[in-house]
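The residues making up each chain are set out below.
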Amino acid sequence: MRFTFKTDYDQDIRIVKHGGYVWSYGVLLALLALAPFVLSSYLQSQMVFVFIYAIVGVALMILTGFTGQASIGHAAFLAIGAYTAGYMQSKGIPFVVYFPLAAVLTGGIGVIVGFPALRLHGIYLVIATIAFGLIVEEVLARWESVTHGNEGMRVKALDILGWVMPRDGAAFYVLTLLTLVGVLVVALNLLRSPTGRAFIAIRDSETAAKSMGIDLAGYKVKSFAISAAITGLAGALFAHKMSFISPEMFTLLLSIEFIMVIIIGGAFGLHGAVMGAVFMVMIDPVLTELKDGLPGAAGRFFGMAGMKGAIYGLIIMMFILFEPLGLYGRWLKIKLFFQLFPLYKKATFKRQKTYVKSERNR
Amino acid sequence: MLDFIQQFVSGTALGCVYGLIALGFVLIYKATEVVNFAQGELMMVGGFFVFTFIGLLGLNYWIGFALAVLGMAAFGMVTERLIIRPILGYPQFSIVMATIGLGYFLRSLAGMIWGTDDLKIDTPFSDGVLKIGDLVLAHDKLSVIVATLILCVVLYFFFLKTRMGTAMRATSENMLAAYYMGIPVKTVVSLIWAISAAVACCAGVLLAPITFIHSNVGLALGLKAFPAAVLGGFGSIPGALVGGVIIGVLETMAGFYLAQGWKDVVPYLVLLAVLLLKPAGLFGLQLRKKV
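From first to last, the protein sequence lines are chains V and G.
Residue numbers for the first sequence follow the numbering used here, so the first one is 747 and each next one is one higher.
Residue numbers for the second sequence follow the numbering used here, so the first one is 15 and each next one is one higher.
Everything labelled a hint here was simulated from the structure, so no lab data went into it.
The structure displayed is predicted, hence computed values, not measured ones.
Among the hints, a few may not be true.
Example chain V residues on the side facing chain G (calculated, C-beta under 10 Å, incomplete) [to be verified]:
1) 872
2) 880
3) 1055
4) 1060
5) 1062
6) 1063
7) 1067
Ideal placement from N, C-alpha and C gives every residue a C-beta, glycine not left out.
Model the full structure from these sequences, guided by the hints.
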């Protein structure tokens, strides 16, 4: 087991805790950068979806995982980002302008959603964000002058100052990868700043945070805005990846998939967002593989219509019942097991269970 | 005027279904503070049960109805035992996600077992109409309203007069105190889930002649039951029904008098308005935290 000897207070908030991380993440990044030359075009395109889901996952992690404000309406933010990109591109605005603008606009909508959300908590917030998502979906279907309604909208290939990036190309892959890395670095820095610490304080106890002088309203709105803005970025990339967007892509089910990303990954660290995204997106190829690979009845079983939904439902229940810390939690347990071998204690990660805590009297 | 009454009646019928689903939420929420996002799916499964008993096995409507309600009650108890009880006491959001996962699972499973076509059953109320002067009211819609009223009266007396009903009220007031008083809290919670699933099943059966049985019907209606429950104040049983009827009537009126698209948005706009202006709802108790 490695012990970092601390000689400086700054070491506590340093992003890279010790040199080992530089190596492991450097190698991971190098492998990911080389992936387009190795992977089949199908897998490469799945990887792009992994990155997009991971960006949304990071956004949700900031809001739900770190600030404790649940949202089942992030598909709506994704849609706003996607439609902003599509509409502005069709008006001839260049990518370098509309990409940040998608984030700014979605962030603005996030503020508008955030203000009413101040008065709500827990289950009411979940319901309100669902309602918000459904209303946005309906607006997209009806505001035909901008969104072309249910017919959907074509999005041309991405074009950075004359450099056209087709949606299946390696350049687009690298662009999404860089966006994800950028978003992760921003999130890491945010979380070690006073703002991020305030978020975590609000999550752990609103009363305690308030009595320490944290402006609850301000930070909750900030959290919504940041989360929405990051999702807006993902939305712009999503629009270019799909090359066609229509309101029925951004349903409640997509919002639930995003929440599943962070639940499956483990809603307490940014690793979780990425791991969850890998898991969620890669279910599809694995299912296809099972369908074609297994002989006879077993193959037909996995090929049944609706199998994906059933597996999603089952997985989410299983994770909450048996591994509430998600994939990243499992990874930490495995790591600790080998670090402490043979002294690993199960109780290290024991989750405290409370007798049904009433939220009614809050 | 005639149109208005016609719309009002069909809105009320739709609202009764929302109200019944919302009633299911409220029962469970009051007892355990779990919000069951799979309530709409329980209704859908109930509809499929009835289809199996009546459509496939050819049983009499009433026998099939009774069997389906009993089946769903058992189903609700099993669900509570397997999925909810182990995670009771975890953060509320985890439990919400577990019920969402359950809904996802049931929806896909129903699609895999019964197929994705619209299914239809013959009921005694399918085709008949009641004529009062120029007013024509379909029996299927009236049957929903009447059955909801009967169910309300039954539940009202159950909660007020029976021993088990009193135990249930005690549990929802304060689980720990109920436990100290010797009330078997676990059994009570199981039974509450059973009642809730049975009520959902009734909603499904009553709705079957109006909207057909389909694996996605639960999602659409289950979501619309949230505005109903919130409007009524989340912990109030009469509130859920009144809220359901108001939402149903508003939705039908919006579909009739306003431009296309409003129909689907109105319930959620009402929901957001209620949450912002009067979070306690119409019948909710505004409880203050004691320090």
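How the hints compare with the structure:
Given hint, residue 872 (chain V) at the interface with chain G, holds; its Cβ is 6 Å from that chain's nearest Cβ, closer than 10 Å. Because the smallest distance between the Cβ of residue 880 (chain V) and any Cβ of chain G comes to about 5 Å, under 10 Å, the interface hint for this residue holds. Taking 10 Å as the C-beta cut-off, the interface hint given for residue 1055 (chain V) holds, the closest approach to chain G being about 3 Å. Here the hint on residue 1060 (chain V) is kept, as its CB sits about 6 Å from the closest CB of chain G, short of 10 Å.
Taking 10 Å as the C-beta cut-off, the interface hint given for residue 1062 (chain V) holds, the closest approach to chain G being about 3 Å. Restraint check, residue 1063 (chain V) versus chain G: the minimum CB separation of about 4 Å is within 10 Å; hint holds. Contact between residue 1067 (chain V) and chain G, as hinted, is supported at the beta carbon level, the nearest pair being about 6 Å apart and thus within 10 Å.
Of the hints listed earlier, there is not a single one the structure fails to meet.
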